[in-house]
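Residue numbers (this note's numbering), protein chains in the order written: chain S, 1035 to 1195; chain A, 0 to 250.
The hints are simulated quantities; they were obtained by calculation from the structure and are not laboratory data.
A couple of the hints might just be wrong.
What the hints assert, rightly or not - DSSO-like cross-link-like pairs, simulated, lysine-lysine; straight-line CA separation at most 27 Å:
# : chain 1 : residue 1 : chain 2 : residue 2
1 : A       : Lys137    : A       : Lys191
2 : A       : Lys137    : S       : Lys1195
3 : A       : Lys137    : S       : Lys1182
4 : S       : Lys1110   : A       : Lys65
Claimed, not checked - Far from chain S, by Cβ distances over 10 Å, these chain A residues were calculated:
# : residue
5 : Ile47
6 : Asp68
7 : Asp151
Ideal Cβ placement from N, Cα and C applies to all residues, glycine included.
Residue strings, one per chain:
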Amino acid sequence: MVNAAQIRHYLEEVSDPEIPVLTIIDLGVVQEIYFTDPTWIIELTPTYSGCPAMQQIEVDLLAKLQEKGIANAQVKHVLSPAWTTDWISEQGRQKLRMYGIAPPVNESDKSTLFAEPPRVACPKCNSMDTRMVSLFGSTACKAQYQCKQCLEPFDYFKCLK
Amino acid sequence: MQDQALFEYVLRLADDSLILGQRLGEWCGHGPILEEDIALTNISLDLIGQAISLYDLAAELEGAGKNHDQLAYLRFENEYKNVLLVEQPNGDFAMTILRQFFFDAFRLPLYEALMQSPVSQLAAIAAKSVKETRYHLKHTSEWVIRMGDGTDESHERAQAAIDHLWRYTSELFYEDNKDEQLQALEQVPSLKGIQANWMETVKTVLYEATLAIPTNNWKFEGGREGRHSEHMGYILADLQYMQRAYPNMEW
Chain S
1035 MVNAAQIRHY
1045 LEEVSDPEIP
1055 VLTIIDLGVV
1065 QEIYFTDPTW
1075 IIELTPTYSG
1085 CPAMQQIEVD
1095 LLAKLQEKGI
1105 ANAQVKHVLS
1115 PAWTTDWISE
1125 QGRQKLRMYG
1135 IAPPVNESDK
1145 STLFAEPPRV
1155 ACPKCNSMDT
1165 RMVSLFGSTA
1175 CKAQYQCKQC
1185 LEPFDYFKCL
1195 K
Chain A
0 MQDQALFEYV
10 LRLADDSLIL
20 GQRLGEWCGH
30 GPILEEDIAL
40 TNISLDLIGQ
50 AISLYDLAAE
60 LEGAGKNHDQ
70 LAYLRFENEY
80 KNVLLVEQPN
90 GDFAMTILRQ
100 FFFDAFRLPL
110 YEALMQSPVS
120 QLAAIAAKSV
130 KETRYHLKHT
140 SEWVIRMGDG
150 TDESHERAQA
160 AIDHLWRYTS
170 ELFYEDNKDE
180 QLQALEQVPS
190 LKGIQANWME
200 TVKTVLYEAT
210 LAIPTNNWKF
220 EGGREGRHSE
230 HMGYILADLQ
240 YMQRAYPNME
250 W
């Protein structure tokens, strides 16, 4: 019979529908995988409460396991502990950069008003001379930045802690 | 009895999130600038996401075999327990931002306190939502300051929004015997402490924004008991149309 490690390995073939360069393993949304006779349970944590990608991820995940011959799988959504950008793998961060999205830097942009936004390197030219355009971006998890050196506008995967 | 009180408590949180999320969604495609259009709808999405988790929990506590959609779409107006503040019309951008600011300044300390609740599912939803709410409050606080300390026109509009919305803010701290039951069990925090924290945030931001806190303490309440303003029916007509016209339809 298939084991949890193999299932996790299969899930490396399931990508995030909104950031297809990342797998759901890179993203860190897959938690425990375990067998409760007769079903494999795969625990998923949402990135943001309203993230519409979660439903698609569930569909894609079950389809992938079906394709691998595992029909008895079920997704369980878990909220606790809450997902944090710290769970994005090192490999995932590199993929984001290659894709043109700046990965989360290690400081959370908390409640301080008009605080300097986090210093983010341009994913194209690596310059640190960038500015935040808006705290909210094309998806719940991103902010909009622009590089002042090469003028490239880019997405920043904002830090969630 | 205790489950009934907790059900009611969670329903209030869920209804606040849903109705405000629905209101913000009306801005989609109408924001004053593209970035703000995206920001308001991002906040809307977070609120609706939080509402789904809260309705799931409420449905479980109610034990009537309902799901989150049935709670969101198939109740009558007097069964919704959201505060009047969240159902008020969007008005101009200042009105929307001030309504959101008053709400965020309330929600953030409430979620922070609920993270300590022994009701584990409620604590988990709070821990998830608190991170999103921090971004919301930062965003709205900065806009309040930018508008208040901006041009004469933006100052005037921000002050008009405060003067209009102030009457709806006291209801955020409404408590009845259901709250008292839950507080006695230490499952939820007293809203007195939350109110002090809220007032502190409001004073700090409005002072920075050169805006005045109204001295008129005229109050409008009723939402927590299911008595709504005339705007609520129109929101529900929009929100419920598909489920009422095509029962059980799925998207």
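Okay, the hints, checked on the actual structure:
no.	hint	result
1	A:Lys137 <-> A:Lys191	23 Å, holds
2	A:Lys137 <-> S:Lys1195	15 Å, holds
3	A:Lys137 <-> S:Lys1182	24 Å, holds
4	S:Lys1110 <-> A:Lys65	19 Å, holds
5	Ile47	5 Å, violated
6	Asp68	13 Å, holds
7	Asp151	22 Å, holds
Hint violations for this structure: number 5 only, all remaining hints satisfied.
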